[in-house]
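Asker: As given, the protein sequences belong to chains A and B, one line each in that order. Position 62 (the first sequence) corresponds to 62 in UniProt numbering; numbering is contiguous. Position 159 (the second sequence) corresponds to 159 in UniProt numbering; numbering is contiguous.
Derived from the structure by calculation, the hints contain no laboratory data. Backbone N, C-alpha and C define an ideal beta-carbon position, used for all residues, glycine too. Hints are not guaranteed to be accurate.
Claimed, not checked - The calculated lysine-lysine pairs, modelled on DSS-like cross-linking and capped at a C-alpha distance of 25 Å, are:
| # | chain 1 | residue 1 | chain 2 | residue 2 |
| --- | --- | --- | --- | --- |
| 1 | B | K181 | B | K153 |
| 2 | B | K125 | B | K201 |
| 3 | B | K285 | B | K191 |
| 4 | B | K260 | A | K132 |
| 5 | B | K59 | B | K71 |
| 6 | B | K180 | B | K201 |
| 7 | A | K69 | B | K420 |
| 8 | B | K383 | B | K269 |
| 9 | A | K132 | B | K181 |
What the hints assert, rightly or not - Which chain B residues stay away from chain A? Per the calculated CB distances, all over 12 Å, these:
| # | residue |
| --- | --- |
| 10 | V146 |
| 11 | K206 |
| 12 | S363 |
| 13 | R370 |
| 14 | D371 |
| 15 | R406 |
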Amino acid sequence: MQLPRIFAPVRASIQLSSASLIPSSRVLDTFRAANASLTVSFVRHATHQSQGRANGAKDGPGKRLGAKKTGGEYVIPGNIIFRQRGTAWYPGENCEMGRDHCIYATEAGYVRYYRNPLKHPKRQYIGVCFEKHETLPYPPNAARRRRLNMLAVRRDPEPEIGEGQVVVGDLQVGDSTGSETPRNKPSTKLVMGKGYAFREANWEIGRVAEKAGVKVREFVPGDRFRAWRKSKARKEANAERKRLRGASKKPKTKKKR
Amino acid sequence: MASIKPSIRHLNTCLRCVRRSANGNAALNGTSVRLLSSSAAPREEAQVQVQTQPNPMDKWPPLDPALVDNKRDERRLIRKEGIQPIGSRRRRAALRTSPQVPFEQLPYQCFQEARKFLLEDRQEKIKQIETQRLRLNNLLAQDPAVSGGTEAKEARIRSMRNYLNELVIWADINDPLVKKKFEDGEGDMNKPVYRYLADQKWRKYKRLILEQRIYQFNIVPDILPALDPVADVDLAFGRRKVAPGDFVDSLVSESMPRLKVQTFDQGEKLVTVVVVDADVPIPEKNGFTYRCHFIASNIPISPTQTSIPLNQLDQTRKVFQKKAADKNIALPWLPPWANKGAPYHRLAVFVMEQSEAKALDVSAIGKTKRDGFVLRSFMDKLKLTPIGITLFRTKWDENMAGVMQRAGLGDQVTVEFKRKRVEPLPYKRRTERMR
Chain A
1 MQLPRIFAPV RASIQLSSAS LIPSSRVLDT FRAANASLTV SFVRHATHQS
51 QGRANGAKDG PGKRLGAKKT GGEYVIPGNI IFRQRGTAWY PGENCEMGRD
101 HCIYATEAGY VRYYRNPLKH PKRQYIGVCF EKHETLPYPP NAARRRRLNM
151 LAVRRDPEPE IGEGQVVVGD LQVGDSTGSE TPRNKPSTKL VMGKGYAFRE
201 ANWEIGRVAE KAGVKVREFV PGDRFRAWRK SKARKEANAE RKRLRGASKK
251 PKTKKKR
Chain B
1 MASIKPSIRH LNTCLRCVRR SANGNAALNG TSVRLLSSSA APREEAQVQV
51 QTQPNPMDKW PPLDPALVDN KRDERRLIRK EGIQPIGSRR RRAALRTSPQ
101 VPFEQLPYQC FQEARKFLLE DRQEKIKQIE TQRLRLNNLL AQDPAVSGGT
151 EAKEARIRSM RNYLNELVIW ADINDPLVKK KFEDGEGDMN KPVYRYLADQ
201 KWRKYKRLIL EQRIYQFNIV PDILPALDPV ADVDLAFGRR KVAPGDFVDS
251 LVSESMPRLK VQTFDQGEKL VTVVVVDADV PIPEKNGFTY RCHFIASNIP
301 ISPTQTSIPL NQLDQTRKVF QKKAADKNIA LPWLPPWANK GAPYHRLAVF
351 VMEQSEAKAL DVSAIGKTKR DGFVLRSFMD KLKLTPIGIT LFRTKWDENM
401 AGVMQRAGLG DQVTVEFKRK RVEPLPYKRR TERMR
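Please put together the full structure from these sequences, using the hints given.
Answerer: This is the structure in structure tokens:
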């Protein structure tokens, strides 16, 4: 606040009556006379909004956090064991932490909640051990217990790739019998498109009609009769389509009314 | 010295373009070398009219292999004359610019003063070494009862020896010539200083990476409970060097690798080389086991004798001594192999010191079974201590089928590993009460 400006009239009045001293009881009167325009309000306004969203939601819906599997429960890979905000629990043996810090199993086994002072003195871990009688943590210098989770299968000797077959990566696109559509002809080259799908290039698609021998009547500029017939046919087709659409809609609207 | 170096290098780079033309044909053309001047010399201006058609070969005068310092000249030297440049490029660049004055006569006062100081320090260290030797000899001659029992005496002797070794290193560590020789790779590994410097260099980079790989690939604790590598091991298949943990093509690893084992402590050692595969799948047990791919024993190494070409181990010896007892290879090389679809195999190459450099019985070791080989018990049984390790990985590739056929594993070629389906947990019906 600019105090000097407020007191300027006071100063002026003092200068005026500098010759005669004002008694102390009349000082306030002088002040009032000088400051006819100045209003001094003593109302205190709120500086913080008391209503609405300003104070944040105090009680939202619960997020269903906490243990989803108890200690000793059997889990399979992908089972969520614990949901949490932040890392109250860390993933131990055969467990991983998800995007939202949830702990999930990577192996089938039995859930264990434990601490491992050798790994970290303060953290608490959730692990999965393979046998029911085992406890975690495992001894630090022993070989890790691992599971293969795979099956040995006899594989047929690899089929020989003949001529005229299109192989994209490991995927065989077509057999060379000629039963496929002309688009999948062996001569076409498939490239990785936008959506990570193998597709023909646009210029190749554009040539399809040409290759298939499709004949199109040549466009003659200035042939108004033909243009009129085409536009008429288009308009009729549109009107027909509109009528069909209206027919399916009408009963509904009638019911509402 | 260190503060001088960069400034010299900067000056070098500034003058490089000028120097190239200058050192090339300065002498031949008779033009004077005028560094840091942009105007032509008056003599040159006068000669312009006089000069006849210059010989085009004057542009490319013969190069000195000890002095070429840029890539282009080096290539020209190698291509045209078939001569390899001598020493490092750094050294050649330094030689080119410096008149070859020995250290003692270098005209830098500060440098000479520093050298004097270092020489004094060295004299002091040598004196200390002498007194320490004398003390050690006195202690050795002392009666154990006087020095407080045999154990106390031995402990004192050990600590005194350690201190003596440190003094020997400290005496030479500040010598600029020692530093230069080490950096040029001419250090004599029989001398403690160079061994110490090499050890430091190894620990600063290569060993850190090796430690990381050992940790990342769980070599500890999968194969051994603990490991403290003290020797630098380099693995190469033919000319192909393999960094620790690299994937090696099966065709490349079909033949035996060669090892370079650099030890950093004095004396000759007998070592055993063991190659273990830590990821052999057993589908019946739904787990993994170990397989031994190679064992060779009684291989002598020392700080100067570093090469162990595994493929030449028994071949060279056969010529001189045809005794079966002198063979090195206990278990011949089994090419690393992996089934299609199986997770990658980690193959760890261990260099293990034999206790007290005693030779082992190779034929007895040869009876060890390859499958289910446990290195922990093997080590304990033969009293081996691991001093060096390196590792590589292998997995199914297009050459694997052929390699397996040649190794006599034809029936394994068609076996493929596929992921087992995980059965979902039984669906729990929601009862009325739960709702």
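Asker: Hints first: check each against the structure and report whether it holds.
Answerer: Each hint, compared with the structure:
no.: 1; hint: B:K181 - B:K153; in the structure: violated, 39 Å
no.: 2; hint: B:K125 - B:K201; in the structure: holds, 24 Å
no.: 3; hint: B:K285 - B:K191; in the structure: violated, 53 Å
no.: 4; hint: B:K260 - A:K132; in the structure: violated, 47 Å
no.: 5; hint: B:K59 - B:K71; in the structure: holds, 17 Å
no.: 6; hint: B:K180 - B:K201; in the structure: holds, 14 Å
no.: 7; hint: A:K69 - B:K420; in the structure: holds, 24 Å
no.: 8; hint: B:K383 - B:K269; in the structure: holds, 14 Å
no.: 9; hint: A:K132 - B:K181; in the structure: violated, 63 Å
no.: 10; hint: V146; in the structure: holds, 43 Å
no.: 11; hint: K206; in the structure: holds, 25 Å
no.: 12; hint: S363; in the structure: holds, 29 Å
no.: 13; hint: R370; in the structure: holds, 18 Å
no.: 14; hint: D371; in the structure: holds, 15 Å
no.: 15; hint: R406; in the structure: holds, 17 Å
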